[in-house]
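Participant: Residue strings, one per chain:
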Amino acid sequence: MSVLLACRGLSVRFGGLVALDALDLEVRQGAILGLIGPNGSGKTTFFNVITGVYSAAAGEARFGGEDLTRLAPQRIYAAGITRTFQRSRLALPLSIFDNVMIGNHRLLDHRLWFNLFRRAALKRQLEENLEKARALVAAFSKRLAGRMFDAVGAFSMIDRRRIEICRALVSEPRLLLLDEPSAGMTHEETRELMEDMLAVRARLPGLTLVIIEHEMNVIERITERCVVLNYGRKISEGAYAEIARDPQVQEAYLGKE
Amino acid sequence: MKPASFLPGLAGIAATAAYGAFFLHAESQAEVLGLVALAGAGVAALARLGWSERVRESLAEHPARSRAATAVALAAILALFCREHFPMLMLASVLLYTVACLGLTVQFGYAGVVNFAGAAFFGIGAYTSAVLGAHLWHPLVVLAGGAMAALVGSLLILPVLRTRGHYAALVTVAFGLLFRTFVEVNDALGGPQGLQIKGMNLFGWDFNSGIRIGDTEISFYTNYAVLALGLAALAFAVVRRLERSWVGLNLDAVRLDETASAVFGIDAARWKILAFTLGNFIAGVAGSVYGMMNGFVAPNSFTFGDSLILVSILILGGLGNPWGVALAASIVVVLPEKLQALQEYRLLFYAVLVIAILLFRPDGLLPRRAREYLPGWKPR
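Listed in order, the protein sequences are those of chains A and B. Here the first sequence is numbered in my numbering, starting from 1 and rising by one per residue. Here the second sequence is numbered in my numbering, starting from 1001 and rising by one per residue.
The set of hints was computed from the structure by calculation and includes no laboratory data. Computed from a predicted model, the values in this text were never measured in an experiment. Using N, Cα and C, we set each Cβ at its ideal position, and we do this for glycine too. Be a bit skeptical, because a hint or two may be false.
[Claimed, not checked] With the Cβ distance kept under 10 Å, some of the chain B side facing chain A (calculated, not the full set):
#1 G1210
#2 I1213
#3 R1241
#4 R1244
#5 L1249
#6 F1264
#7 F1304
#8 L1308
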């Protein structure tokens, strides 16, 4: 399979702190890659630089023909990369439908004239997109799909995460970055969410996933390959069974004996 | 769910109109105070009984009928008071303040761009009327007033985009102060004395002279009230449609989380520029007509305090709700005129009002509701 994302020497610095240190990383088309490492090892920084939130100090990140480090976040989204956030960043006063539609930006008509004066055409666009959003949300939860116009702030943590994943999936991205989907949830909820994720992914075979996770059983179950970071550097790479045995990884997590 | 009947909505509109008429009619301080107390008690009681919710639902479900009933109610008020100067001046002022605040709603309520120079943009419209009024067809003058406000506002776009939150607010505060000083020292614009403005003239219809029908003489302010009503309806429709569209969704997304929206392709700069420019245009149009109605314009009418009044109307009414703007504008404009005790302490009154609202009802008198893209479009 071809390589979808290829990073070479990718570095991010904040003043004197090196958050990401010359990272080389490849994600193959259709793969599920786990990204693990202790707190502060640069995992979320990696997502932020890939999505254009931070700028890179050095190196490149090739996605298709383009170097992501040179693109604005908006262009990166248009190229087909979406993400979720570690601490859910939904628009809480807005409805489920509104939040999912924020993720659908690429496929909507934003011209002022159209929105103000072509109301019949806008209505058709609204109806089509409501069906689409409802079908997507229903894949995660029938209950949520029945409450598309309720404010997101009224829902529990797990429901918000589901909505956030829907927001990231609705534009049919090529690469989805999940930043610790189990954060703040119980084991049972995490398991549920992962079942939903796998079910949705089965319907979207082309989707490539990078997932940051601290729950090792999630990583073990759903990823094919893992990259371990520590202090911004890659210290190990391979299938979960391999990296779990790697003495460097054990040292990073548990310290030296 | 059974569709709500239109009766509660109709009753709500009728009661509001009747109350407005009594209020405009009230002369003695005792009457005015009594009416204020009645409104407070009445609104509290209706909310307690759940009737205000029924009225709201009924109005939301019958948008066309609500519009028609509102038009009839306003026509009745116009017919009742068209001979008197004062009520018509009040009505026109409320409506023009409403228009200006609808512009600020697009900026502050939707895109989250705070504008503490609202009065300055209102003033730019009025000054445009003063300068161009003698030379240009008046509808064009009004459009030019909006365009000038938008154009001058574009000078501010760069600093507003480069700063966020409090700092962006400070940029607008500075601009408001700058504007006032600029017109005060500028002799071409009349300096501190200001300029005269010609009244509105449309196809020979002179807005500044009363109309005589038989024995009754209609106040010339009625002309302006009707014009202001038209403008308010137009601004209302534009702002409503804007909110209920993908553009409105983008504005909300930018306000609520700029970083998250950027990750989903939303270009915050584009939408802030649109909201800021459109908002200033609307405020400028309102100011232009307001200037023509007043007959003169002077720097003292567009101080920082006046900008604060516009912002307090937004907060009082409920940020982002056009109906809230109309209600709050009525309270803020009419109440101090009617209660002479308040006249001297106007600014104090506004300050107390805003503090009370922020303490007891932080979402405003009429909080903004969830977006309903099309009237009644809420398929389950």
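Participant: Determine for every hint whether it applies to the structure shown.
Facilitator: Each hint, compared with the structure:
Evaluation of the G1210 of chain B hint against chain A yields a violated restraint, the C-beta minimum of about 37 Å exceeding 10 Å. Look at I1213 of chain B: its Cβ only gets to about 38 Å from chain A, farther than 10 Å, so that hint breaks. Satisfaction of the interface hint for R1241 of chain B is found here, the shortest Cβ-Cβ separation to chain A being roughly 5 Å, below the 10 Å cut-off. Because the beta carbon of R1244 of chain B sits about 9 Å from the nearest beta carbon in chain A, less than 10 Å, this interface hint is met.
Checking L1249 of chain B against chain A: minimum C-beta separation of about 6 Å stays under 10 Å; hint holds. Restraint check, F1264 of chain B versus chain A: the minimum CB separation of about 5 Å is within 10 Å; hint holds. About 30 Å separates the beta-carbon of F1304 of chain B from the nearest beta-carbon of chain A, more than 10 Å, and the hint is not met. The beta carbon of L1308 of chain B is not positioned within 10 Å of any beta carbon in chain A (closest approach about 25 Å), and the interface hint is therefore violated.
Checked against the numbered hints given earlier, the structure breaks hints 1, 2, 7 and 8 and satisfies all the rest.
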